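Generate coordinates for the entire structure from the input sequences, incorporating the hints supplied.
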Amino acid sequence: MREFSDFMVMPLALLEKSINKRISILLKDTRVLEGKLTGYDEYMNMVIEETEERTAEQSRRLGVVILRGNNVVSISPL
Amino acid sequence: MREFSDFMVMPLALLEKSINKRISILLKDTRVLEGKLTGYDEYMNMVIEETEERTAEQSRRLGVVILRGNNVVSISPL
Amino acid sequence: MREFSDFMVMPLALLEKSINKRISILLKDTRVLEGKLTGYDEYMNMVIEETEERTAEQSRRLGVVILRGNNVVSISPL
Amino acid sequence: MREFSDFMVMPLALLEKSINKRISILLKDTRVLEGKLTGYDEYMNMVIEETEERTAEQSRRLGVVILRGNNVVSISPL
Amino acid sequence: MREFSDFMVMPLALLEKSINKRISILLKDTRVLEGKLTGYDEYMNMVIEETEERTAEQSRRLGVVILRGNNVVSISPL
Amino acid sequence: MREFSDFMVMPLALLEKSINKRISILLKDTRVLEGKLTGYDEYMNMVIEETEERTAEQSRRLGVVILRGNNVVSISPL
Amino acid sequence: MREFSDFMVMPLALLEKSINKRISILLKDTRVLEGKLTGYDEYMNMVIEETEERTAEQSRRLGVVILRGNNVVSISPL
Numbered sequence: 001m002r003e004f005s006d007f008m009v010m011p012l013a014l015l016e017k018s019i020n021k022r023i024s025i026l027l028k029d030t031r032v033l034e035g036k037l038t039g040y041d042e043y044m045n046m047v048i049e050e051t052e053e054r055t056a057e058q059s060r061r062l063g064v065v066i067l068r069g070n071n072v073v074s075i076s077p078l
Numbered sequence: 001m002r003e004f005s006d007f008m009v010m011p012l013a014l015l016e017k018s019i020n021k022r023i024s025i026l027l028k029d030t031r032v033l034e035g036k037l038t039g040y041d042e043y044m045n046m047v048i049e050e051t052e053e054r055t056a057e058q059s060r061r062l063g064v065v066i067l068r069g070n071n072v073v074s075i076s077p078l
Numbered sequence: 001m002r003e004f005s006d007f008m009v010m011p012l013a014l015l016e017k018s019i020n021k022r023i024s025i026l027l028k029d030t031r032v033l034e035g036k037l038t039g040y041d042e043y044m045n046m047v048i049e050e051t052e053e054r055t056a057e058q059s060r061r062l063g064v065v066i067l068r069g070n071n072v073v074s075i076s077p078l
Numbered sequence: 001m002r003e004f005s006d007f008m009v010m011p012l013a014l015l016e017k018s019i020n021k022r023i024s025i026l027l028k029d030t031r032v033l034e035g036k037l038t039g040y041d042e043y044m045n046m047v048i049e050e051t052e053e054r055t056a057e058q059s060r061r062l063g064v065v066i067l068r069g070n071n072v073v074s075i076s077p078l
Numbered sequence: 001m002r003e004f005s006d007f008m009v010m011p012l013a014l015l016e017k018s019i020n021k022r023i024s025i026l027l028k029d030t031r032v033l034e035g036k037l038t039g040y041d042e043y044m045n046m047v048i049e050e051t052e053e054r055t056a057e058q059s060r061r062l063g064v065v066i067l068r069g070n071n072v073v074s075i076s077p078l
Numbered sequence: 001m002r003e004f005s006d007f008m009v010m011p012l013a014l015l016e017k018s019i020n021k022r023i024s025i026l027l028k029d030t031r032v033l034e035g036k037l038t039g040y041d042e043y044m045n046m047v048i049e050e051t052e053e054r055t056a057e058q059s060r061r062l063g064v065v066i067l068r069g070n071n072v073v074s075i076s077p078l
Numbered sequence: 001m002r003e004f005s006d007f008m009v010m011p012l013a014l015l016e017k018s019i020n021k022r023i024s025i026l027l028k029d030t031r032v033l034e035g036k037l038t039g040y041d042e043y044m045n046m047v048i049e050e051t052e053e054r055t056a057e058q059s060r061r062l063g064v065v066i067l068r069g070n071n072v073v074s075i076s077p078l
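Residue numbers (this note's numbering), protein chains in the order written: chain A, 1 to 78; chain B, 1 to 78; chain C, 1 to 78; chain D, 1 to 78; chain E, 1 to 78; chain F, 1 to 78; chain G, 1 to 78.
Treat the hints loosely; a few may be bogus.
Derived DSS-like pairs: lysine-lysine, alpha-carbon spacing no greater than 25 Å straight-line [stated by the list, open to error]: (1) Lys21(D) to Lys17(E); (2) Lys21(A) to Lys36(F); (3) Lys28(G) to Lys28(A); (4) Lys36(C) to Lys17(C); (5) Lys28(A) to Lys21(B); (6) Lys17(D) to Lys21(C); (7) Lys36(C) to Lys21(D); (8) Lys28(E) to Lys28(F); (9) Lys21(D) to Lys36(D); (10) Lys21(E) to Lys36(D); (11) Lys28(D) to Lys17(D); (12) Lys28(F) to Lys28(D); (13) Lys17(G) to Lys28(F).
Honestly, the hints are just simulated from the structure, not real lab data. Since we're looking at a predicted model, the values are computed, not measured.
Structure follows, in structure tokens:
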């Protein structure tokens with residue numbers, strides 16, 4: 001494996017820093033989930049609490065969600 | 001492999017805690033399955049008992065189901 | 001690898017218990033196969049005997065079938 | 001890896017027994033190939049001789065075909 | 001790994017025997033390429049020379065082509 | 001593994017050189033993201049800051065984004 | 001791993017020989033990119049300079065592009 005620059009933020013390290021904070025997640029099926037990140041693993045599987053799902057039409061509460069990483073397009077800290 | 005925070009809930013650990021409890025599973029084909037989780041493996045393949053399938057149109061009983069993890073979008077404890 | 005609970009049913013163990021019994025298999029292409037499970041491997045490739053295929057329109061006999069696991073959504077003992 | 005039952009037929013073992021015999025192969029693109037299986041590997045890549053392709057509309061001879069396993073849904077001995 | 005029969009033709013061995021010979025390749029996007037196979041690797045990536053592409057509508061010369069194996073459905077010696 | 005030429009620019013090395021610079025990213029869902037690259041890993045997962053999303057219809061600010069590499073088609077330094 | 005013939009051209013070796021030369025790349029989304037290949041890795045990720053994109057409707061300059069290999073169908077030296 002190659003060396004990575006000391007000056008950069010690894011993607012998983014930013015997830016680590018987002019633990020117990022609110023994030024927004026864009027899924028491949030175009031839904032957006034918002035909630036508090038309470039866990040993740042190296043495949044970007046995540047545990048989200050107080051989750052709300054937002055589509056173009058509606059919003060609804062999902063509570064605690066285990067999300068499989070391969071459905072995820074992008075993640076943003078809120 | 002990198003270290004994970006002690007304070008977080010790993011996705012598979014939350015599945016472990018859900019054993020013998022009812023969960024709701026969203027599949028890639030947009031179906032929702034509800035039932036009692038009685039087993040899983042590291043690929044998120046799962047064994048569900050007393051399973052009910054719900055689509056926009058209908059609901060029906062499926063009994064015991066072995067579900068392949070790569071069809072799963074997300075899982076919520078009920 | 002992490003430890004799994006003693007109290008749960010691993011997905012492949014349930015396949016093992018279904019050997020020589022009738023199962024129903026839902027495929028990604030929405031077809032349903034029913035037949036006697038006579039073998040499987042760790043990828044959930046399966047050997048099914050006395051197989052019948054059922055779609056919304058029709059039913060037909062397929063005899064012995066080797067099924068690739070990556071086409072499978074879920075499996076239910078009958 | 002876990003132990004497999006002595007009483008079952010592993011999927012690749014059934015391919016092995018089908019060497020030099022005629023098989024029918026259903027592909028993901030819904031075509032059906034029929035021909036004599038003369039080889040395979042652990043990815044279910046196969047060598048088929050005297051191959052005939054059948055779609056809903058027509059049938060045609062393809063001769064010798066190397067088929068990539070990831071296009072295969074299921075295989076049946078004839 | 002399991003033993004393979006001595007009497008069969010491994011898929012990659014048939015590619016090896018096709019080196020410097022003309023082959024026909026069916027791609028997942030339904031195009032057909034014809035040309036002389038001058039190289040391949042274990043992923044079925046291939047080097048084709050004097051390549052001609054044929055679709056339902058037209059035929060055109062592509063010259064030398066490096067083809068990624070995961071786009072390939074099947075290969076036939078000509 | 002095979003040797004690579006000394007004269008060429010490895011794809012990940014060009015990402016390394018783009019750290020803290022603005023890049024444009026084309027996604028499989030046809031969206032274009034522009035922003036400052038602040039991190040990446042060997043799967044081309046990336047951390048983008050001051051991100052703007054542009055579709056054919058509109059443009060909007062996304063702030064900090066963790067982007068999963070398997071959604072990426074191509075990346076261009078700006 | 002099996003032995004490969006001495007007489008053949010490995011796909012990655014042909015990429016190596018194309019360094020600093022112009023190539024044409026067909027993508028899965030049907031676009032064609034033309035430009036100078038300045039780098040690649042074992043996944044066929046590539047660095048292309050002086051890149052031009054051509055679709056059925058139009059042509060436009062993209063400059064330097066890092067292209068992920070899993071979007072590539074085929075590559076031709078120009």
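Problem set entry | Broken hints, by number | Hints 5, 13 are the ones this structure does not satisfy, whereas the remaining hints hold.
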